[in-house]
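Participant: Numbering-wise, this note's numbering puts 136 at position 136 of the sequence shown, and it's gapless, one number per residue.
Derived from the structure by calculation, the hints contain no laboratory data.
All figures in this text were calculated on a predicted structure; none of them were measured in a lab.
By construction, the Cβ of each residue, glycine as well, lies at the ideal position given by its N, Cα and C atoms.
Check before you lean on any hint, since a few could be wrong.
Simulated restraints on C-beta separations [as the list claims (entries may be wrong)]:
hint: 1; residue 1: LEU279; residue 2: LYS105; range: 24 to 32 Å
hint: 2; residue 1: THR110; residue 2: GLY2; range: 24 to 32 Å
hint: 3; residue 1: GLU238; residue 2: THR183; range: 45 to 53 Å
hint: 4; residue 1: GLU212; residue 2: LEU51; range: 47 to 55 Å
hint: 5; residue 1: GLU352; residue 2: SER12; range: 24 to 32 Å
hint: 6; residue 1: ASN216; residue 2: THR183; range: 15 to 23 Å
hint: 7; residue 1: GLU212; residue 2: GLY70; range: 34 to 42 Å
hint: 8; residue 1: ASN56; residue 2: GLN5; range: 25 to 33 Å
hint: 9; residue 1: ASN47; residue 2: HIS22; range: 18 to 26 Å
hint: 10; residue 1: GLN5; residue 2: GLU212; range: 43 to 51 Å
hint: 11; residue 1: PRO294; residue 2: GLY353; range: 15 to 23 Å
hint: 12; residue 1: PHE220; residue 2: GLU352; range: 43 to 51 Å
hint: 13; residue 1: PRO294; residue 2: SER340; range: 24 to 32 Å
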Amino acid sequence: MGSQQELPDPPSDALTSLRWSHDGNSLLVGSWGPDVRVYQRNADDRNIFSLQHSVNTEVPRLDVCWGKPGANVVYFVGIDGEVREYDINTDTQTLLSAHEKSSNKVAYSTDHNILISTSWDGTMHVHDADNRAVVAMADRKVSIYDLRALRALVDQTGNTADHRDVLEVQPWQERDSSLKFMTRAVACMADSTGFATSSIEGRVGVEWFDPELQQNTYAFKCHRQIHTLPDGEGNEEEVDVVYPVNALAFHPTFGTFATGGGDGVVALWDAKTKRRVKLYQALDASVSALDISPDGNSLAIGISPGVEESQLTKTKEGAMEVEDSGPDAHAKQYFSDMDSSRVRIYVREFAEGEAKAKERKEKAAK
Numbered sequence: 001m002g003s004q005q006e007l008p009d010p011p012s013d014a015l016t017s018l019r020w021s022h023d024g025n026s027l028l029v030g031s032w033g034p035d036v037r038v039y040q041r042n043a044d045d046r047n048i049f050s051l052q053h054s055v056n057t058e059v060p061r062l063d064v065c066w067g068k069p070g071a072n073v074v075y076f077v078g079i080d081g082e083v084r085e086y087d088i089n090t091d092t093q094t095l096l097s098a099h100e101k102s103s104n105k106v107a108y109s110t111d112h113n114i115l116i117s118t119s120w121d122g123t124m125h126v127h128d129a130d131n132r133a134v135v136a137m138a139d140r141k142v143s144i145y146d147l148r149a150l151r152a153l154v155d156q157t158g159n160t161a162d163h164r165d166v167l168e169v170q171p172w173q174e175r176d177s178s179l180k181f182m183t184r185a186v187a188c189m190a191d192s193t194g195f196a197t198s199s200i201e202g203r204v205g206v207e208w209f210d211p212e213l214q215q216n217t218y219a220f221k222c223h224r225q226i227h228t229l230p231d232g233e234g235n236e237e238e239v240d241v242v243y244p245v246n247a248l249a250f251h252p253t254f255g256t257f258a259t260g261g262g263d264g265v266v267a268l269w270d271a272k273t274k275r276r277v278k279l280y281q282a283l284d285a286s287v288s289a290l291d292i293s294p295d296g297n298s299l300a301i302g303i304s305p306g307v308e309e310s311q312l313t314k315t316k317e318g319a320m321e322v323e324d325s326g327p328d329a330h331a332k333q334y335f336s337d338m339d340s341s342r343v344r345i346y347v348r349e350f351a352e353g354e355a356k357a358k359e360r361k362e363k364a365a366k
């Protein structure tokens with residue numbers, strides 16, 4: 001049977017991101033607060049964690065990631081648009097670049113030694129140790145880049161005076177999203193054959209990179225709850241409340257993936273068979289971040305009160321959905337009345353086979 005424990009000393013502000021280290025022994029945490037935190041497993045008991053580092057970053061950090069394995073370096077981006085590197089061993093920060101608007105995502109490729117950040121201004125920055133490049137990124141599209149090609153282009157730029165060249169790069173693929181509403185999360189499959197996206201409308205889309213497999217693309221509804229709400233005429237009615245799917249994380253071995261919703265629920269799904277594998281008991285607040293450790297044994301879950309608790313709107317079909325007005329509205333909600341006591345981080349240790357897809361039962365031959 002799996003176990004779940006709550007980490008001590010969580011941030012006092014809404015969580016934005018959770019990232020396991022390459023060895024799965026440290027957890028990096030970003031939040032709307034002015035610090036980035038690193039939690040460490042106990043060497044004698046993997047179920048015990050302690051806060052090891054709290055890095056003052058001055059402004060809210062929207063995403064974090066680990067750098068090269070063994071280097072003890074992390075990266076973070078935030079509302080100031082800055083992309084920063086932090087060396088845990090020397091306690092030093094380095095500014096790598098700055099977007100014109102807030103930077104919302106950052107990711108490091110171990111295979112290609114490049115760091116990629118994106119921004120609400122529609123740009124993407126590609127960094128490496130010696131050369132920094134900025135790549136334009138189209139709006140309202142799902143842009144798919146080949147990291148090998150990006151690495152080659154970064155190498156071709158050479159050394160310039162300010163180490164910044166603008167590259168004219170075309171995405172490997174560019175397609176319209178399979179979801180109609182605002183995207184909340186994107187995650188690639190562990191075997192690199194496809195990816196999943198989630199939206200504010202309680203849906204997840206699963207797609208494949210190979211054009212010949214595009215007919216297998218599908219989307220499904222999830223994170224919806226029946227609630228009794230006033231109908232505006234003094235009566236009550238049961239309505240289907242649609243929550244945003246805020247977080248996605250793929251299992252590195254089994255091909256299953258986890259979703260976290262505004263309803264406080266975490267679920268496991270099988271991308272290939274389109275089946276739900278596991279549904280966990282709802283937590284006390286919106287699931288804002290998820291990450292599965294590289295060894296596939298641990299699931300990190302971050303919860304924070306979200307805008308979905310107070311902003312509901314009725315759809316044409318009669319259901320209720322969460323109204324998401326974008327990052328500015330989220331920030332205003334957070335700063336005004338967020339209950340910091342409900343910000344929590346959990347780590348679930350999977351039982352054997354818990355995150356594995358269920359085998360299909362073959363029908364007996366007649």
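Participant: Against this structure, judge whether each hint is valid.
Facilitator: Status of each hint after checking the structure:
The hinted range of 24 to 32 Å is satisfied by LEU279 and LYS105, whose Cβ atoms lie roughly 28 Å apart. For THR110 and GLY2, the hinted distance range of 24 to 32 Å is satisfied, since their beta carbons lie about 28 Å from each other. In this structure the hint that GLU238 and THR183 lie 45 to 53 Å apart at CB is violated, the actual value being about 29 Å. For the hinted restraint 47 to 55 Å between GLU212 and LEU51, the CB-CB distance of approximately 48 Å keeps it satisfied.
With their beta carbons about 36 Å apart, GLU352 and SER12 fall outside the hinted range of 24 to 32 Å. In this structure the hint that ASN216 and THR183 lie 15 to 23 Å apart at CB holds, the actual value being about 20 Å. At about 39 Å, the CB distance of GLU212 to GLY70 agrees with the hint of 34 to 42 Å. Distance hint check for ASN56 and GLN5: the Cβ-Cβ separation is about 27 Å, which falls inside the suggested range of 25 to 33 Å.
Restraint check, ASN47 to HIS22: a C-beta distance of roughly 20 Å satisfies the suggested window 18 to 26 Å. The hinted range of 43 to 51 Å is satisfied by GLN5 and GLU212, whose Cβ atoms lie roughly 44 Å apart. Taken as a hint, the range 15 to 23 Å holds for the pair PRO294 and GLY353, whose Cβ atoms sit roughly 19 Å apart. In this structure, PHE220 and GLU352 break the distance hint of 43 to 51 Å, their C-beta atoms being roughly 27 Å apart.
Separated by about 30 Å at the C-beta atoms, PRO294 and SER340 satisfy the suggested range of 24 to 32 Å.
Comparing the model with each numbered hint stated earlier shows that hints 3, 5, 12 do not hold.
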